[in-house]
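Residue numbers (my numbering), protein chains in the order written: chain A, 7 to 347; chain B, 3 to 122.
In case anyone wonders, no lab produced these hints; they're calculated from the structure. Any given hint could be a false lead.
[Unchecked claim] Here are the simulated BS3-like cross-link-like pairs (lysine-lysine), alpha carbons at most 27 Å apart as the crow flies:
1) B:K80 - A:K249
2) A:K38 - A:K8
3) B:K34 - B:K75
4) A:K147 - A:K241
5) B:K61 - B:K80
6) A:K249 - A:K87
7) B:K34 - A:K291
8) B:K103 - A:K89
9) A:K87 - A:K38
10) B:K34 - B:K103
11) B:K79 - B:K61
12) A:K171 - B:K103
13) A:K39 - A:K87
14) A:K171 - B:K34
15) A:K244 - B:K75
16) A:K291 - A:K193
17) A:K224 - B:K75
18) B:K34 - B:K80
19) A:K291 - A:K179
20) A:K291 - A:K38
21) A:K27 - A:K8
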Amino acid sequence: MKNVVIIGAGVAGLTAAARLKDIGYNVTIIEKKTYDGGNVASWDRLFPDSRRASRLIDDVRRPLGEGVTIHYDQRITSLVKMKDGRIGVGTESLGIIHADALLVASGFSLFDAHLKEEYGYGIYDNVYTQADLESMFSSGKVLTRSGDIPRRIGFVHCVGSRDEKVGNRYCSKVCCVTAVKQASEIKQLYPDAQVYCFYMDLRMFELPYEDMYFNAQKLYGVRFIRGRLCEAAEKMDKSVILKVEDTLAGQTLNLSVDMLVLMAGMRPASDTARIATMLGLHCNKEGFLTPVDIFSRGNETEVDGVFLAGTCTGPKTIPQTIADARSAAIRIDEYLKKRKK
Amino acid sequence: MIDFGYGITRSNRLNLDEADLSLARKMARREKSFATCIGCGTCTAGCTAGHFTAYNPRKIQLMILNGQTENLKEDLKKCMLCGRCQMLCPRGISLRSLWSKLYRALDDGRKTPAVTRDIF
Ligand code: SF4
Ligand code: SF4
Ligand code: SF4
Numbered sequence: 007m008k009n010v011v012i013i014g015a016g017v018a019g020l021t022a023a024a025r026l027k028d029i030g031y032n033v034t035i036i037e038k039k040t041y042d043g044g045n046v047a048s049w050d051r052l053f054p055d056s057r058r059a060s061r062l063i064d065d066v067r068r069p070l071g072e073g074v075t076i077h078y079d080q081r082i083t084s085l086v087k088m089k090d091g092r093i094g095v096g097t098e099s100l101g102i103i104h105a106d107a108l109l110v111a112s113g114f115s116l117f118d119a120h121l122k123e124e125y126g127y128g129i130y131d132n133v134y135t136q137a138d139l140e141s142m143f144s145s146g147k148v149l150t151r152s153g154d155i156p157r158r159i160g161f162v163h164c165v166g167s168r169d170e171k172v173g174n175r176y177c178s179k180v181c182c183v184t185a186v187k188q189a190s191e192i193k194q195l196y197p198d199a200q201v202y203c204f205y206m207d208l209r210m211f212e213l214p215y216e217d218m219y220f221n222a223q224k225l226y227g228v229r230f231i232r233g234r235l236c237e238a239a240e241k242m243d244k245s246v247i248l249k250v251e252d253t254l255a256g257q258t259l260n261l262s263v264d265m266l267v268l269m270a271g272m273r274p275a276s277d278t279a280r281i282a283t284m285l286g287l288h289c290n291k292e293g294f295l296t297p298v299d300i301f302s303r304g305n306e307t308e309v310d311g312v313f314l315a316g317t318c319t320g321p322k323t324i325p326q327t328i329a330d331a332r333s334a335a336i337r338i339d340e341y342l343k344k345r346k347k
Numbered sequence: 003m004i005d006f007g008y009g010i011t012r013s014n015r016l017n018l019d020e021a022d023l024s025l026a027r028k029m030a031r032r033e034k035s036f037a038t039c040i041g042c043g044t045c046t047a048g049c050t051a052g053h054f055t056a057y058n059p060r061k062i063q064l065m066i067l068n069g070q071t072e073n074l075k076e077d078l079k080k081c082m083l084c085g086r087c088q089m090l091c092p093r094g095i096s097l098r099s100l101w102s103k104l105y106r107a108l109d110d111g112r113k114t115p116a117v118t119r120d121i122f
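Bound conformation, chain B alone (with noise of 0.2 Å):
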């Protein structure tokens, strides 16, 4: 094929219509309290691991609902499961849970690829 010097730049928008979203059916069946996040941000604000990187608990709820699950479990390592984020959570989200259960769920979708998309 003739090199013309340039390829096809992926889009940076969310595609909702491909993208997997099995991790958020999984995350939504062991953690059901996740479902009623408002997005307030306290979570994030009070964060231990978030004073000091980027790390944004709020965020990370987004990611698993819009199917980014690329770099998910390299972040969720700073987490440190203090649990300050669940302590303050207006919607009384049982966010470490959350946390530890995600953290189990990427790990078996690394033993068990594509296939678990379809179960769930």
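Here chain A stands alone, though its shape is the one from the complex (with noise of 0.2 Å):
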């Protein structure tokens, strides 16, 4: 039976396992955290239909069953292309593994905030991502660092996305439409708060995401203000006064909000560059993984035998990931049966 290995065991990693097992391979999985599901696992509910994120996370993981083995808590030291065409995956506890095709899905990291300081991440008491926010959605409790219901709450989009001065001007796709999710669902528990999103544009692109900014405004209340946040400062009672320009009314403003949410946009997985560099693969400029050819090819690497998936060849939605996972199935498919003759 012929062995494929998958780096990474989040949404891309176990959709992908689920359809190789089936097909008939010997699938491993060497997963960098302790635990699988990826980011994925630290959200509460998803867009556009509000499923809790473990339930998706059960779906993907059920078909696997007993044929696949997850190695969690793993740290990928080698991965060389042998002479026989397979591939040597090298960790400090296993050893060297031999795939006959290796399925690269490492996926993403969420920005580091700290870094767009002007907006106070942890450094005021009262401002968070909207990761934190989903811990807080899960832990049922969304309250300030001091306790209290928040009254005002503002979303800032693109933090960290679309802004030279961090080095990425890609569009992270996703965190529009997560603004848009919370920004209702803060406004579900708490119907008496005001809600603001700041952003520069509104990327609702899949078909039912117009619907969830229509009902942001009309059920919600939600109010957008088309401008980016310039900078943030703490009050004395805790609260961040925001300083923006409403370039729609051409004037600049002041606000203050009890909690302000930072839209952390979306980065190449930390160990990106180096699996790239120990197997030849290309990065572009914005880090992530390149395929052969994003029309034809989209889960192909200049490496016989090395394929990706997911996130890791920029951001994606989890219907996108889950649907690429899958064809990179079929192509690792197609190509282990070529090589068979």
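Got two chains here, each in a separate frame; can you build the complex from them with the hints?
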């Protein structure tokens, strides 16, 4: 039986593993964290239909059954293309695993919001990221640092995305929808709260997203202000005062909020560059792995037997990630069948 | 001519067909980076001059692009060339350079009116 090794037990890795196992391959997943599900594991609910993130992970994990081995808490130390065409995957505790095909599904990390110092993350009490807010939603307690119910909440779009000053020109794709989702969820929780979203462009690109935006306005009264946050400062009472231009009004404004939520963008996962170097894969200027051709060979690399899936090639929604992982599984199967002959 | 007591009111609409875009063309050549402005307003929100006056660096760029140059030089005098806008701009536009080059362009526009229009 041929061996397929997958790097990453996130949504992409789990999805591809299930398909490959069904086809009849021996699948091993190497995961750096101590749990599966990747970034989605720390989420509460998902857009567009508010399903539980835990349910989604259950759904992608269930078809794995017995046939797939996941090794957690692993660090990859070497990746070597061998003479016989296989790939040697080395880790500290497992030694070398010989893979007939390797799928890189190493995913993304959230942009480190500390780097936008002018927004005060890690400095002011009541500045959070969207991931922090998801944890609060999961725990059922959305409160300020001092334990009060927030009356005004501000969401800042494009934190660490579309920003030359942090070296990320690209759009992270999912954060606009996430802001709309979270803004609506806050209003479900606290109908009297005032919620503001500060955006440059609202990217509601899939069919249901515009409805979410519409409902955020109509049902929840979320106020959308077109302007990018210039800076935030903390007041004596630990609320956060925002300085921003309402570009539609052509007027600068000050507004204080009890909670400021930063929509941190997607960065390639921390190991991406290391994996790329070991295998000789290409990264684009953003640091994401690049497939051979984005139209026709979106899961393939220049290195024979090495494939890509999920957000390691760029920001994706979860449905896009799942579709991409399935397509990678099919490509790997095609490749291995051809090699057999 | 008989004075009927009323005249023609100038349209408040921007007329890009008739606008004099010579300054826009000139500035596009002299400071290429400002072509990438996305109008996010960060420069304006952080502008030192804009804190006390209605000065709006985001709009100044639009005025250049739309040929609304009448009050531009007077407006520009409010700018202290502190460079804060440039530090904040997410597009990495060289705004401080734009302002000083704009000032110079408005000056030489005065010395050589009309003719320059056709050159650029
Ligand atoms: S999806 Fe929206 S918030 Fe995220 S980077 Fe793109 S424009 Fe900014
Ligand atoms: S900060 Fe830069 S991109 Fe934003 S409006 Fe000002 S010049 Fe344009
Ligand atoms: S350089 Fe001029 S436009 Fe820019 S922030 Fe300073 S005063 Fe404002």
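Here is what the structure says about each hint:
no.: 1; hint: B:K80 - A:K249; in the structure: holds (20 Å)
no.: 2; hint: A:K38 - A:K8; in the structure: holds (23 Å)
no.: 3; hint: B:K34 - B:K75; in the structure: holds (20 Å)
no.: 4; hint: A:K147 - A:K241; in the structure: holds (23 Å)
no.: 5; hint: B:K61 - B:K80; in the structure: holds (14 Å)
no.: 6; hint: A:K249 - A:K87; in the structure: violated (53 Å)
no.: 7; hint: B:K34 - A:K291; in the structure: holds (22 Å)
no.: 8; hint: B:K103 - A:K89; in the structure: violated (61 Å)
no.: 9; hint: A:K87 - A:K38; in the structure: holds (21 Å)
no.: 10; hint: B:K34 - B:K103; in the structure: holds (11 Å)
no.: 11; hint: B:K79 - B:K61; in the structure: holds (15 Å)
no.: 12; hint: A:K171 - B:K103; in the structure: holds (23 Å)
no.: 13; hint: A:K39 - A:K87; in the structure: holds (25 Å)
no.: 14; hint: A:K171 - B:K34; in the structure: holds (18 Å)
no.: 15; hint: A:K244 - B:K75; in the structure: violated (42 Å)
no.: 16; hint: A:K291 - A:K193; in the structure: violated (39 Å)
no.: 17; hint: A:K224 - B:K75; in the structure: violated (44 Å)
no.: 18; hint: B:K34 - B:K80; in the structure: holds (23 Å)
no.: 19; hint: A:K291 - A:K179; in the structure: holds (17 Å)
no.: 20; hint: A:K291 - A:K38; in the structure: holds (25 Å)
no.: 21; hint: A:K27 - A:K8; in the structure: holds (11 Å)
Of the hints listed earlier, those the structure fails to meet are numbers 6, 8, 15, 16 and 17, in rising order.
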